[in-house]
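Engineer: Using the hints, put the two standalone chains together into the complex.
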Amino acid sequence: MTDLKQLAQYCLPAASVGAAAGLVAGGLAAFVGQPAGWAVVTGLLGLGVPLALFGSGYAVLVALGKVPAGVFAPAAVYWVIAFPLALLVHAVVMEWVVAGTPGLPAEPWKFLAFRALVSMGFAIGFLWMHEQIGRLWWPRILDRNQYARRTVEQYVHLAAALQARKAATGRGGKKRVA
Amino acid sequence: MDVTSKTSEVPEEPAAAGATAATEKVWKAGRLEPMPIRKLPDAPPSLHILGPTVFLVALGVGMGESYMWPRLVLVFGPDIRWLFMVGVTLQAFVLLEMARYAMATGESIFFGAARIFKPLMWFFYAAAILIYMWPGHLSAGAAAFEEVTGIPWQVTACVALVFVGVLFSLLSVIYTFLEKLLGLLIGLLVVGTSVIAAMVGSWDDLGRTVSGMFAFGYFPDEAMTSVWFPVVVGSIAFAGPSGMQQMWYTLQLRDSGAGMGAHIPKIRGLRAAGEAESMPSRGFMFDTEDPAELAKWKGWRKWVTFDALLLFWGITMLVTISFTVLAMSAARENPNVASLIEGGDRDAALKAMSDAFASAGSPILGTLFFAFIALIGLNATLGLFDSFSRGQADMTYYFVPGAKRFSMSRLYAGFLWGVILFGILILLFGPADGPAGILDTLAFLSTFAMGAYCVVLLLTNNMLLPKKIRPGPVRNVIIGFGAVFYLGMLFYCLFRFGVAVG
Chain A
1 MTDLKQLAQY CLPAASVGAA AGLVAGGLAA FVGQPAGWAV VTGLLGLGVP LALFGSGYAV
61 LVALGKVPAG VFAPAAVYWV IAFPLALLVH AVVMEWVVAG TPGLPAEPWK FLAFRALVSM
121 GFAIGFLWMH EQIGRLWWPR ILDRNQYARR TVEQYVHLAA ALQARKAATG RGGKKRVA
Chain B
179 MDVTSKTSEV PEEPAAAGAT AATEKVWKAG RLEPMPIRKL PDAPPSLHIL GPTVFLVALG
239 VGMGESYMWP RLVLVFGPDI RWLFMVGVTL QAFVLLEMAR YAMATGESIF FGAARIFKPL
299 MWFFYAAAIL IYMWPGHLSA GAAAFEEVTG IPWQVTACVA LVFVGVLFSL LSVIYTFLEK
359 LLGLLIGLLV VGTSVIAAMV GSWDDLGRTV SGMFAFGYFP DEAMTSVWFP VVVGSIAFAG
419 PSGMQQMWYT LQLRDSGAGM GAHIPKIRGL RAAGEAESMP SRGFMFDTED PAELAKWKGW
479 RKWVTFDALL LFWGITMLVT ISFTVLAMSA ARENPNVASL IEGGDRDAAL KAMSDAFASA
539 GSPILGTLFF AFIALIGLNA TLGLFDSFSR GQADMTYYFV PGAKRFSMSR LYAGFLWGVI
599 LFGILILLFG PADGPAGILD TLAFLSTFAM GAYCVVLLLT NNMLLPKKIR PGPVRNVIIG
659 FGAVFYLGML FYCLFRFGVA VG
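Those protein sequences? They're chains A and B, same order as listed. With the numbering used here, the residue at position 118 of the first sequence is 118, and numbering never jumps. Plus 178 on top of the position in the second sequence (first one is 1) and you've got the numbering used here.
Among the clues, some could well be false.
Short derived list, chain A residues pointing at chain B, Cβ under 10 Å [unchecked claim]:
{"id": "1", "residue": "GLY65"}
{"id": "2", "residue": "PHE72"}
{"id": "3", "residue": "HIS90"}
{"id": "4", "residue": "ALA99"}
{"id": "5", "residue": "GLY100"}
{"id": "6", "residue": "GLY103"}
Covered stretches of chain A, as calculated for chain B (at least 3 residues, CB under 8 Å) [what the hints assert, rightly or not]:
{"id": "7", "stretch": "6 to 13"}
{"id": "8", "stretch": "106 to 119"}
{"id": "9", "stretch": "143 to 155"}
Just so you know, the hints here were simulated from the structure itself, not pulled from any lab data. Every value quoted in this text rests on a predicted model; they were computed, and no experiment measured them. C-beta: ideal position from N, C-alpha, C; glycine also.
Isolated chain B (complex conformation) (with noise of 0.2 Å):
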C-alpha cells in the first residue's frame, strides 16, 4: 500500500498549472490521487440537538425495531434483547469509525474502499443495486396506511414512490430540507410513541425490558432450530441501520460539511443542478502534525459521539424499549399470541400489537400502532432513495469511466427515478417484495455488506489516515469483532441450515 507516514511536498494538479512552480503539501492515500492538505474548519457546539445522524436515526429506526425485534420479544421473552443491545452498540461504534474517516478526508467510505482496492467499491456498488431497487420498505409502510385508511396498499406505495421524486428534483439543496423534514417526523414519531408506552406500559414491563438488555448468553434452545435461528440472525442485522446504512451515511456527513467535508459542494436537486459547483476529484486532508489542528479534530469527535451516543444509540434504544413494552403488553392482552406466530401468522406480531395500544384506553391507539409503521415506512422511504441515489452517484461520478460530464446533481437524479420507475413497474405487475428466490439471496447480501464494511473500515482507518488520527486498538477489536459477529452467524446460518437470513 503506498501510504507516507507524513506529507510531502508535490505539484498540485500539474496538467492544469501547466507545470508551473505551484507546489502545495499533499497526503498520499492508497493508490488514487493524493489528498492536498487544507485547512480543517472549527466544530460546531457538540450540544445542539440537530445534526446529519437525523438520517441514520431515521434509517434505523425501521422494522427492525418496530417489529422484528418486539416479535422476538413476544416469543422468546425480554431476555433475548441482549443481542439487540450488542447490535445496536456495535453500530454505534460503527457510526464513529465510519464518520472518522468522512470527516478527516471528506470523501465517502466508497472512494476509501477504492483506494485501498477498486473492485471493493464495485462490490458495493452492486450489492446496493441488488438490495435496494426492491420497494419492500416502502410496501410495508403503505400496508400499514392501508389499515388506517382503507386505501389500496400499492396506490399509496405508487403515489409515494411519485411524491418522493418529485420532491428531491425539486429541492434546491436536497439535504437541507431533507434534514429539516425528518427530523419533524422523528419528532413526531419518538414523541408519539413515549406517550403511547408511558400510557399502556407499566414499571414491571420496563424492568423485564432493560434487564433483558443484560442478560448476556440467553439463548434458549428454539431458537436455535432452522426455523429461529435465520430470524435471529436477520433481526441482529437489523438492529439499527442495516445493509449500507451506515456507509450513506459518510456522504450525508460530507454533505452537511462535517469536518473536511466542508470542502466538497452539496448535491443539488434537478431543478437546480446548473448552479452546483464542480465537484473536486478526491477529498483532502488536513495538517495533523499542526496541534491547533489536532485540537479542532478533537472538537469535531466529541461532536460527532454526542451525535452517536445520544441521537443515534439514545433514540433507537428508546424507541425499540417503547415497542417492546407494547410487545409486552400484548402478550398480556393475548396470551396465545406467541403461539400464534410460531404457528406461522406472520401478521400476528403486527396485530397484536395495535391491540396492546388499543388496550390504553380506546381503539383509537390501536389505530394509532399502525399510524407509527406507516410513518416509519414513509421515513426510511424518504432516507432510503435519498441514500441510494447519492451512493450509487457519488461512486459513479468518481470511477466510470465519462461520467463526470453528467453533474453529480444528474447522476443522483438518475439513480433516483431510475429506482423509482422499477419500484412503479414491480408494484403494479411483479411481487412487491421482488421474487422470493431472490430475496433470500438479498437478505445475505445485506448482512453480508455490513461484515464487509466493518472489513473495509479496518482498513481504511488503519492504512489510510495519518497515525495520529487512526483508531486506537480497543476500536480496532471492536470493529474486528463486527466482521467475525456479521459474518460468522451469517455463514454460519448458511452452512448449518441451508438458508441465508431470515
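This is chain A alone, in the form it adopts within the complex (with noise of 0.2 Å):
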C-alpha cells in the first residue's frame, strides 16, 4: 500500500536536483546584489519548485518499481516530457513578472521542441546526481521507508555482484608478490 509521507521522504534527493538548478540562479542572483524577490521568483520559483515536482515524480515512479533505479532510458523519456513544460511554466512566471499578466512564449510549439531536444542533457544530469545523492540518502532512511529499503537492496544486490567478481578474481585485499 502507498504510504505519501514514505514517498516524500523518498524524493527528498531527486527534489533537491531540480532545488539546485533553481537555487544556482537565485542564489547568483543575490550574491551579484540582485533584489532577493526578483532572484526567488527567476530562479527559485520559476525553475526550481517544477522542476522539484517534476523530479519527484520521477523518484515515485522508481518507488513504486513502475522504471529501474539508475537506468537511462526511461529516465530520457520521462524528461522529453517533463523538462519542457518545467521551462514552459518558467516563461510564463517570467512574463508575469515583466508584464504583470501570465502569458505564453511566441510560438509554444518550436519553444516546447526546442527544450525537449535539450532535455537529454539534463536527463543524463538529473540521473548522475540523483543516485550520487540518493546514495548518502537512503541507506539513512531506510530502516522507517520501504521504498528507500527496495532501491538500497537493489544496489545491494549489484554490489554483491561485484563482490563476487572480485573474490573469484582473488583481488579481495590478499597480498600479492611482484
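Structural biologist: Here it is as C-alpha cells:
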C-alpha cells in the first residue's frame, strides 16, 4: 500500500536536484546584488519548484517499481516531456513578473520542441546526481521507509555481484608478490 | 615480434618458485614478461551510468568545448562544427580501442607501448612532463573565478593546487573518492548548462547547430590562413580529450577493476600507502579459447561501448551543443563579436557568451557562465593532476630501475607534489602558461602524442592481443585515419605556415 509520507521522504534527493538548478540561479542573483525578490521568483519559484516537482515524479515511479533505478532510457523518456513543461512554467512566470499578466511564449510548439531536445542533457545530469545524493540519503532512512529499503536492496544486489567478481578473481585484499 | 598465436605452458616466476614443478598457462606478448592466464570477471550491468568514463568526461569537457569551438562558431558560423563531430567521434573509437587493450590485459597502454618498443613509452614519459607541468588549465579556471568573486586568480590557483595535493594524499583509495566528486561536479555542470541553454537558446539556433555538425567539407577561405588554420587544428585536437588523456584513461579503467584490471590492486593515497597491496610486475590475460570467457568479454565490450557512446560522446556533444547555442545567442546580442575576435581580442568570445547568458533574463546568468568555466577548470585540475601522477608513477614503477622499492602510492605522491610545487613556483614567479616560446612546442607535442597513440593502438591491439579479441578491419581503418588526421594536419600546419598549433 502506498504511503505518501514515506514517498515524500524517498523523493528528497530527486527534489533537491531540481531545486539545486533553481538555487544556483537564485543564489547567484543575490550574490551579484540583484533584488532578493527577483532572485526568488526567477530562480527558485519559476524554475526550481517545477523541476523539483517533476524530479519527485520520477522518483515516485522508481519507488513504485515502475522504472528501474539508475537506468538511463526511462529517465530520458520522462524528461523529454517534463523538462519542456518545467521551462514553460518558468517562461509563464517570467512573463507574469515582467508584463504583469501570465502569458505563453511566442511559437509555443517550437519552444517546447527545442527544450525537449535539450532535455537529454538534463536527463543525464539529473540521473547522475540523483544516484550520488540518493546513495547518501536512502541508507539513512531504510529502517522506516519501504521504498528506500527496496532501492538500497537493488544496489546491494549489484554490489554483491561486484564483490563476488572480486572474490572470484582473488582481488579482495590478498597480498600478491611482485 | 615475439608473439605466440596461442597460449603455452611455461613455469611461473621460476626464480621465486625455486624451480618447482608449478606451471601455468601464459600469453606471450612482445618482448616483456609473459602474462599469466587468469579468469576474466563477470561484466557489470551495462545500463548503469556510473563508470570510469566519468574521468574522461571530466577531462574531455574542457576549454575546447566551452571556449575554443564556440569561438570558431562565432567567427565562421555553425557549419564549421562538422570538424568537431569528426574529432569527437574519432575520440570515441580511440576510447573503445584503448579499453580493448586495458581490459584484456589489466595493463596500461604505456606498458603495451613498452612491449612493442621501449623508446615509444619513454617518448610518452617525456611528453607528459613537458606538456602537463605548466598550470595553464588551472589558470583559466581561476581567472573565471576571479570574474565571479574578485579574488585574484593567483591566490585561487595556489590554494587549489595545495588543496588538490592534500586531498589526494589523505584519501585512502583515490579512485573511489575522485569518482564520486567528479560525478557530482559533472552532474552539476550538465544540469546547469542544459537549463541555461534551454532558457537562452531557440529552435533555430539548435537547428543550425545540429545541421552544422553534418556540413561535411565546409571550410571557408579565411580558415586556411596562417592566423586561423593553426587555431582550427588546435581546436580539433581539443575536441574531447586532448593530449595524453585517453592513455591515462587505461589506468583509470585498471583502477576501477574493469576486465582483467580486477587482478591489479588499487592505488592508495600517501596516508594509506603502507596498506597498499604489492603490484604484480605485469598484467594478465584470459583464455580466449574458452567460449565462456569470450562471452564474458563480450559483456565487458558492451559495458564499455555504453560508456563510450552515451557518457563520453553523448555528454561531450550535449555540453558543446549547449555552449554553441549560447555562442549563437551571443552573436545576436552582440553582432560585432566576430570582428572583435578577428581583431585579436582573445577575451571577446568569453565575454560575448557571458552576455548571452545575461540576455536570458538577468545579469546573474552572465556570472553563472563564468562559474561554469571555473567549474570546468576545477574538474580539469582534479582529473589532470591525478592522471598525470598516475601515468608517470606507472611508468616509473615498472621501467625505472630500482623504483620498485618505493610503492606505487609513494611514486604517485612524488609526481603529484612535484607538479604542484612547480605549478606554485610558476604561478608566483613565472609566466602562468609557461614561457611563450615553449608553448608552441607543447601544443605540437600534445597533437603529436595523439597521432602517436593512434599508431601505438594499432600495434598493441593487433600484435599483442590474441586473434579472437583483436579489432576488426573497420576499426583499424578508423584508428589509422586518426593517426593520419592528427599527424597530417600537424605537419601541414608546421610546413605550410611555419607554426605548430594555435
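Engineer: Please flag the earlier hints that this structure goes against, numbers listed from lowest up.
Structural biologist: Of the numbered hints, 1, 4, 5, 6, 7, 9 do not hold.
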